[in-house]
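Asker: So the chains spell out like this:
2 protein chains.
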Amino acid sequence: MTLGDLVIDVIKKLGVGDIFGVPGDYNLRFLDYIVGDDKLKWVGNCNELNASYAADGYARERGIGVLVTTLGVGELSAANGIAGSFAHNIPILHIVGYPNSKVIEYDIPVHHTLANFKKNSFLESFTPISGATTILTATNYIEEIQRVVSNMLISKKPSYLGIPADLVDLDISETIEDIYFYYKSNDTHKVKEIGDIIIKRYLEAKKPIFFLGINIARFGWREIMTKILQKNQAKFATTLMGKSIINETSIAEPNFLGLYAGDYSTEGMIKVMQDADCIISIGTVETDINCGGFTEDGIDFDHVITIRPNSVKIGKKLYSGINIDMLLEYLLENISPNKNAKIDFKAKETEVCTEDFIDDENILNHKNFWPLVAKEIVKEGDIVVAEAGTALFGLVGQNLPPRIDFVSQLLWASIGYTLPSAIGSAIASPNRRVLLFIGDGSFQLTAQELSLISRYKLNVTVFLINNNGYTIERAIHGAKQSYNNISVWNYLDFAKSLGVDKTIKVKNFKDFMNHTQEINKNGPKMVELFFDKLDYPPLLKQISDKLEEANRQ
Amino acid sequence: MTLGDLVIDVIKKLGVGDIFGVPGDYNLRFLDYIVGDDKLKWVGNCNELNASYAADGYARERGIGVLVTTLGVGELSAANGIAGSFAHNIPILHIVGYPNSKVIEYDIPVHHTLANFKKNSFLESFTPISGATTILTATNYIEEIQRVVSNMLISKKPSYLGIPADLVDLDISETIEDIYFYYKSNDTHKVKEIGDIIIKRYLEAKKPIFFLGINIARFGWREIMTKILQKNQAKFATTLMGKSIINETSIAEPNFLGLYAGDYSTEGMIKVMQDADCIISIGTVETDINCGGFTEDGIDFDHVITIRPNSVKIGKKLYSGINIDMLLEYLLENISPNKNAKIDFKAKETEVCTEDFIDDENILNHKNFWPLVAKEIVKEGDIVVAEAGTALFGLVGQNLPPRIDFVSQLLWASIGYTLPSAIGSAIASPNRRVLLFIGDGSFQLTAQELSLISRYKLNVTVFLINNNGYTIERAIHGAKQSYNNISVWNYLDFAKSLGVDKTIKVKNFKDFMNHTQEINKNGPKMVELFFDKLDYPPLLKQISDKLEEANRQ
Numbered sequence: 117m118t119l120g121d122l123v124i125d126v127i128k129k130l131g132v133g134d135i136f137g138v139p140g141d142y143n144l145r146f147l148d149y150i151v152g153d154d155k156l157k158w159v160g161n162c163n164e165l166n167a168s169y170a171a172d173g174y175a176r177e178r179g180i181g182v183l184v185t186t187l188g189v190g191e192l193s194a195a196n197g198i199a200g201s202f203a204h205n206i207p208i209l210h211i212v213g214y215p216n217s218k219v220i221e222y223d224i225p226v227h228h229t230l231a232n233f234k235k236n237s238f239l240e241s242f243t244p245i246s247g248a249t250t251i252l253t254a255t256n257y258i259e260e261i262q263r264v265v266s267n268m269l270i271s272k273k274p275s276y277l278g279i280p281a282d283l284v285d286l287d288i289s290e291t292i293e294d295i296y297f298y299y300k301s302n303d304t305h306k307v308k309e310i311g312d313i314i315i316k317r318y319l320e321a322k323k324p325i326f327f328l329g330i331n332i333a334r335f336g337w338r339e340i341m342t343k344i345l346q347k348n349q350a351k352f353a354t355t356l357m358g359k360s361i362i363n364e365t366s367i368a369e370p371n372f373l374g375l376y377a378g379d380y381s382t383e384g385m386i387k388v389m390q391d392a393d394c395i396i397s398i399g400t401v402e403t404d405i406n407c408g409g410f411t412e413d414g415i416d417f418d419h420v421i422t423i424r425p426n427s428v429k430i431g432k433k434l435y436s437g438i439n440i441d442m443l444l445e446y447l448l449e450n451i452s453p454n455k456n457a458k459i460d461f462k463a464k465e466t467e468v469c470t471e472d473f474i475d476d477e478n479i480l481n482h483k484n485f486w487p488l489v490a491k492e493i494v495k496e497g498d499i500v501v502a503e504a505g506t507a508l509f510g511l512v513g514q515n516l517p518p519r520i521d522f523v524s525q526l527l528w529a530s531i532g533y534t535l536p537s538a539i540g541s542a543i544a545s546p547n548r549r550v551l552l553f554i555g556d557g558s559f560q561l562t563a564q565e566l567s568l569i570s571r572y573k574l575n576v577t578v579f580l581i582n583n584n585g586y587t588i589e590r591a592i593h594g595a596k597q598s599y600n601n602i603s604v605w606n607y608l609d610f611a612k613s614l615g616v617d618k619t620i621k622v623k624n625f626k627d628f629m630n631h632t633q634e635i636n637k638n639g640p641k642m643v644e645l646f647f648d649k650l651d652y653p654p655l656l657k658q659i660s661d662k663l664e665e666a667n668r669q
Numbered sequence: 117m118t119l120g121d122l123v124i125d126v127i128k129k130l131g132v133g134d135i136f137g138v139p140g141d142y143n144l145r146f147l148d149y150i151v152g153d154d155k156l157k158w159v160g161n162c163n164e165l166n167a168s169y170a171a172d173g174y175a176r177e178r179g180i181g182v183l184v185t186t187l188g189v190g191e192l193s194a195a196n197g198i199a200g201s202f203a204h205n206i207p208i209l210h211i212v213g214y215p216n217s218k219v220i221e222y223d224i225p226v227h228h229t230l231a232n233f234k235k236n237s238f239l240e241s242f243t244p245i246s247g248a249t250t251i252l253t254a255t256n257y258i259e260e261i262q263r264v265v266s267n268m269l270i271s272k273k274p275s276y277l278g279i280p281a282d283l284v285d286l287d288i289s290e291t292i293e294d295i296y297f298y299y300k301s302n303d304t305h306k307v308k309e310i311g312d313i314i315i316k317r318y319l320e321a322k323k324p325i326f327f328l329g330i331n332i333a334r335f336g337w338r339e340i341m342t343k344i345l346q347k348n349q350a351k352f353a354t355t356l357m358g359k360s361i362i363n364e365t366s367i368a369e370p371n372f373l374g375l376y377a378g379d380y381s382t383e384g385m386i387k388v389m390q391d392a393d394c395i396i397s398i399g400t401v402e403t404d405i406n407c408g409g410f411t412e413d414g415i416d417f418d419h420v421i422t423i424r425p426n427s428v429k430i431g432k433k434l435y436s437g438i439n440i441d442m443l444l445e446y447l448l449e450n451i452s453p454n455k456n457a458k459i460d461f462k463a464k465e466t467e468v469c470t471e472d473f474i475d476d477e478n479i480l481n482h483k484n485f486w487p488l489v490a491k492e493i494v495k496e497g498d499i500v501v502a503e504a505g506t507a508l509f510g511l512v513g514q515n516l517p518p519r520i521d522f523v524s525q526l527l528w529a530s531i532g533y534t535l536p537s538a539i540g541s542a543i544a545s546p547n548r549r550v551l552l553f554i555g556d557g558s559f560q561l562t563a564q565e566l567s568l569i570s571r572y573k574l575n576v577t578v579f580l581i582n583n584n585g586y587t588i589e590r591a592i593h594g595a596k597q598s599y600n601n602i603s604v605w606n607y608l609d610f611a612k613s614l615g616v617d618k619t620i621k622v623k624n625f626k627d628f629m630n631h632t633q634e635i636n637k638n639g640p641k642m643v644e645l646f647f648d649k650l651d652y653p654p655l656l657k658q659i660s661d662k663l664e665e666a667n668r669q
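Protein sequence lines, in the order shown, are assigned to chains A and B.
The numbering of the first sequence is our numbering, which starts it at 117 and goes up by one.
The numbering of the second sequence is our numbering, which starts it at 117 and goes up by one.
The set of hints was computed from the structure by calculation and includes no laboratory data.
A portion of the hints provided could be inaccurate.
Identical copies carry no separate label here, and so any pair may be met within one copy or between two of them.
[Stated by the list, open to error] Using 20 Å as the maximum straight-line C-alpha spacing, the simulated SDA-like pairs for lysine to any residue come out as follows:
#1 Lys641 x Asp609
#2 Lys322 x Ser397
#3 Lys621 x Asp609
#4 Lys612 x Glu644
#5 Lys433 x Ser397
#6 Lys234 x Asn426
#7 Lys234 x Pro244
#8 Lys433 x Ile310
#9 Lys155 x Lys433
#10 Lys641 x Glu240
#11 Lys623 x Ile493
#12 Lys322 x Leu345
#13 Lys387 x Asn256
Between the sequences and the hints, there should be enough to build the whole structure, so can you do that?
Answerer: What follows is the structure in structure tokens.
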């Protein structure tokens, strides 16, 4: 047994089967262990940023992602991706190949260092954007592996694990059985105390609403949450980030009220939330866009119960150290339908496309395009990946079929994230179809990763929104400024040069309708869609005006 | 006058005409100032890593580079590039667009943050990899601009300047005339004291050698150094990183001894350095590869005088706070030829290609290819950009024509660096031809940036070494391991899809010779060159064996 074997066993115990990254001379010996293991697959990304995004997409499907980079040049390229995973509670085990232990101990100015004789510069860069960080030594490895992996499992934040090249083959006596990773409070008294308060408040209310956020997915509560809602026929709304975490149609539909994000919501939805006398907020995240620019006016916060990953807030009172897994189990068992509850409101139906614009031979437009996508393209069980641009703000308002995983970055909002992330999703869930919607400006940041779709034969359909530039920036500021322009590419030829042979060009709605069958087939492909550069989904325009105002104040 | 105007004036005073970066909503209002200024040009890169590399390439030509990114998602993507600029002493003014001041002050969880209510996470990530860092406020801006810009000018390290969106339009009363940036010691006594010791040691020596490194270029001493060598007809050697900083042919040639890098050098060169009784080392950098794996055995360090950017070491004695600009002026004025010096050694001539392999219809090979490039392709005044792979180790041993700028990253060695860097060089020096030599594995990391060559009509010829993967990693470890494979691309079609219409495919030496005229023409183009994946330049194999050993120890 070597240290390399132990780390491989840890990865497998975490349920990970595919590892993302880029080789570099300080990690090559660890990569030997990966490619030497039957149960693990090495995915070679084009660069480390893309690899970190892919690991993030993988983790959203499988719970954990593993990324391997090399000292300095490799790891730092992944910093943006790691920070995005931190912001969105995506646990990534980031393994960094270090030079041999003596080089580290004596700060020897080897390649891939700053040659400035200061220890651990790169670990320091990752400290503010990681949950826990460490560099293994021949004496600390058991304690440190336990610490950084446990931190990752509890906090859902990325962990940083530096492994010196000479230690990979170190003979050790411990095995995976000697590490106990996970710790959560088992205080059943606290759970009962708080659970009973919540149930009482819920049953006494006349207009109780469950308000659900993305951490329900991040912390593994989708299934139990669905059961709680079904058992009680409880009304619920979701945040923008919580899009599709609970089925919006079929079983749950009658009780789905819609999306709520302060001023960005419909008038009806705002009123429903203001009228509510008990809001049980679970796994929601407070950010500018997710909260409608912090405009949740008129809500009485004494009526709000907020269940966060490790705490519960009831009115102004904050209870910490609560095991939320146990609390949700307790609620499921002990809650009963509130027979007095009465909320006369239903989610807006997705507008159905009318014939007149389908015959239109003009260029596509966002207003009509996204309802059409919801109706004609997205199917039950798909993974829908929406870039934080026109795609996200076009799709988030559409009611989507059941069992959709909706992947986006509303908070971190790093353009270019979704292409590698979609690849990670496709590798994680090979039996599901991945639909990626991405604008041309965003696409150019990480475009080379498209080649993995053909290399690994992934079931990804890329919808490339060609609107000549950074349209989300145009919506916010400088609509006609040259800095929002990008280089002109031939995207379909580009795709072909990387081995994606199946390409479809869509100029207008007629084209689109003619090709829906072909588009809906499985297999790697790119669909290019043409929009005007100043055309925005209505929600985007509303949000971007707020953002511009917030920057200016 | 606004704060935005002031920052623009600072940029222009630094001699910068082109600014690299990617728009993001927190920097858009500052970009308005850039595109609104007649003397400045905004270069929109495909992503921030590429932008940071381009700014680095620009700074190597023009002294300073300016990079503009946006909070979190933008800046962190540039971290690898900034750290590389730090390692190589490339001054980059990294301007980061921040949200408005209140958001920063109260840690409001807006988009592009970690939403964890901790101040300055990203500034902290940049602290270990920057010279100086700051975020401007309405009260600190004059002092802080002076501090971070001065630090950059003196240390040649990147500086980090965060500008909140609301402060860009802040009315201020100060102008650029109110800032005095640069401070260096003017202690002429110290300069004379040390200059006289150096001159005495030089004139008393029988075998004196100037040993020259890359910081001669970084700190602006190429011209004065050439004059010192010429005036004294002094013998000199260079480090690997110091490649081509002093003309290796024409005027200086008879006195050029060759490259010295410990064990990686020729036997003759090793002996010459060991025999030297006075080595005046100027601007050299100590790193593993640059120093032959730290194998400078047999050199008597009591004979070595080391002139570093801000200090001089004579034997064991270290003098700090010396103004090296003044010291070199003093040496030029006061040194006289050492008439007793006698070193019977000359640099190895570049091997001239013989007819037999030129007729060869077999695949290209590194042994013969690089001398042919030196002879047929590289011309006086070219900028030669060599990726830290087969290209660097193939080219570094060839004697190149005068007035070459040789751009590479021997220390930081971030693969993918050279394509954006070459673009930065071409923008900085539009009248020079840029020749980029890059392997396919490296190319894939930053490939999208190729589109800027056509977008901005840059005089860059890309020599794409197609050898199916990471050959430099193969040379070090895992020659036949699958992790050193990459996706298969059609590189010439790829180039065309990004607007680079001129492409040339070279299968063998005959092809190559048939196309030299076409290759040597000005204008954007890509030349694809086919090599075996296990063929390495001889120097690379020698170095990579050492690196593998160093990792294993």
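Asker: Take the hints in turn and mark each one as holding or not.
Answerer: Hints and how they fare:
For a Cα distance limit of 20 Å, the shortest separation of Lys641 from Asp609 qualifies both inside one copy, at 12 Å, and across copies, at 18 Å. Within a single copy, Lys322 and Ser397 get their C-alpha atoms as close as 17 Å, which meets the 20 Å cut-off; across copies the closest is 84 Å, which misses it. In this assembly of identical chains, the alpha carbons of Lys621 and Asp609 lie at most 20 Å apart whether taken from the same copy (11 Å) or from different copies (19 Å). Taking the closest pair of Cα atoms, Lys612 and Glu644 come within 20 Å of each other both inside a single copy (13 Å) and across two copies (18 Å).
Proximity of Lys433 and Ser397 under a CA criterion of 20 Å is satisfied intra-copy only: 15 Å inside one chain copy versus 68 Å between copies. Proximity of Lys234 to Asn426 under the C-alpha cut-off of 20 Å is restricted to the inter-copy arrangement: shortest distance 18 Å between copies versus 37 Å within a copy. In this assembly of identical chains, Lys234 and Pro244 lie within 20 Å of each other by CA distance both inside one copy and across copies; the values are 18 Å within and 9 Å between. Proximity of Lys433 and Ile310 under a CA criterion of 20 Å is satisfied intra-copy only: 11 Å inside one chain copy versus 71 Å between copies.
Taking identical chains as interchangeable, the C-alpha atoms of Lys155 and Lys433 are never at most 20 Å apart, the minima being 48 Å within one chain and 58 Å between chains. Taking identical chains as interchangeable, the C-alpha atoms of Lys641 and Glu240 are never at most 20 Å apart, the minima being 41 Å within one chain and 41 Å between chains. In this assembly of identical chains, Lys623 and Ile493 lie within 20 Å of each other by CA distance solely inside one copy; the values are 17 Å within and 45 Å between copies. Taking identical chains as interchangeable, the C-alpha atoms of Lys322 and Leu345 lie at most 20 Å apart only when both belong to the same chain, with a minimum of 17 Å there against 91 Å between chains.
Taking identical chains as interchangeable, the C-alpha atoms of Lys387 and Asn256 are never at most 20 Å apart, the minima being 57 Å within one chain and 45 Å between chains.
In this structure, the hints that do not hold are numbers 9, 10 and 13, in rising order.
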